[in-house]
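Throw the hints in and build the complete structure from the sequences for me.
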Amino acid sequence: MTTLDAVPLLSEQPLALQKQTQPISGIDFTPLPSVPIARPVIAPSADAPVLEINSTQRDMTSGSGKGRNFPIVTQLDEVPVTTRRSVKSTEGLDAMLPNPGLPRANIAVDAEHSDDPKGRQEKMSVLQRHCKFFAPENSDYIYPSNTFSGFRALGFPFIVSALAMFVVNAALAVATEDNWSKLWTLRINIKNIDRCKHGSDSGTYDTEGRYVPQKFEEMLAKYSTHPNKAGLYLKDIHAMVRGNMLLWDFFGWSAATLEWVALWYIAKDSEGLLTKEAMRSMFDGTLFEAIKKRRDAERNGGVAHTLTSTDQSARNVSDEVSTVPTDQLKRAEAEQGKKAQ
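In terms of full-length UniProt numbering, the sequence shown has 228 at position 228, counting the first letter as 1, and numbering is strictly consecutive.
Worth double-checking, as some hints may not be accurate.
Computed spacing ranges between beta-carbons, pair by pair [to be verified]:
#	residue 1	residue 2	range
1	K88	M245	19 to 25 Å
2	A297	T74	42 to 48 Å
3	S139	S181	16 to 22 Å
4	D77	A290	41 to 47 Å
5	K88	K235	34 to 40 Å
6	P136	G301	20 to 26 Å
7	D77	H238	22 to 28 Å
8	S181	S254	17 to 23 Å
9	A95	S254	23 to 29 Å
10	A95	R295	34 to 40 Å
11	R242	I159	25 to 31 Å
12	D94	R295	34 to 40 Å
What the hints contain is simulated information worked out from the structure, not anything from laboratory work. For glycine and all other residues, C-beta sits at the position ideal for the given N, C-alpha and C.
This is the structure in structure tokens:
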């Protein structure tokens, strides 16, 4: 071992010892003063080519520009799937809906409904609002019996509601339950419903249960065959579920299929279209309340409901329900009969 190998580094020695260190073998460890290094200045030659940067390149290279001169390519002929599932109809969405890619915590909005003042008062996420319909009032738990009664209130047959009672609660209770001693009840805790987001979905709900308007609009842009992208037909739903499938995600495939087919069953209009407005109100649960009120009125108030056809010229088309009391209809028919006689 040489003499220098036996000497520890100055950085490993105490500060007092470093000050007392003497030169070893003629080597002085005193740091040299910093000396500025003179850098030569090279004058450009008169014959040197001048590099011109246009405004588009300047935006890209500086990082401060907005890059407005860059075309945004959303589809390529060489990649047919990008053409089949075009999102060109969402261009300019930010002009109708501020920050469409920013998730909303408690409101479900779209290009036609940029705000929801009533929803802003809610203290639940959009996904929690979606599930709240099935829970008893002032309760955060959905028991199997609540699921059954909720499905029945929406118009599902007895057998379907009974199956949903076991399938839905068995699938979601384990993930949301905090008290394992209550797991046998198969209750769903709405406070933890964000744990139940499954794959192979549209992405409209994020992993925290918030609502992403951009994903909602893209869903219609990609899969709606309606001329105005005003909703989804059953064939569109089939194409969407297939398009959103993730590899080996059997649970996600099954859940997405059941959810969207069930929604189409209870909310389609007279033309078989699941309207955009029905889809939007499904995400925050207000659709379920509307359907329940309509069915209650039909049973208890003797109210006849007529679904109007969709307006082909409107971008956002929703079902409009006109209500006419049955007794008024009977009186009108009787008067017409008397006039005819």
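Which hints, by number, does the structure contradict?
5, 8, 9
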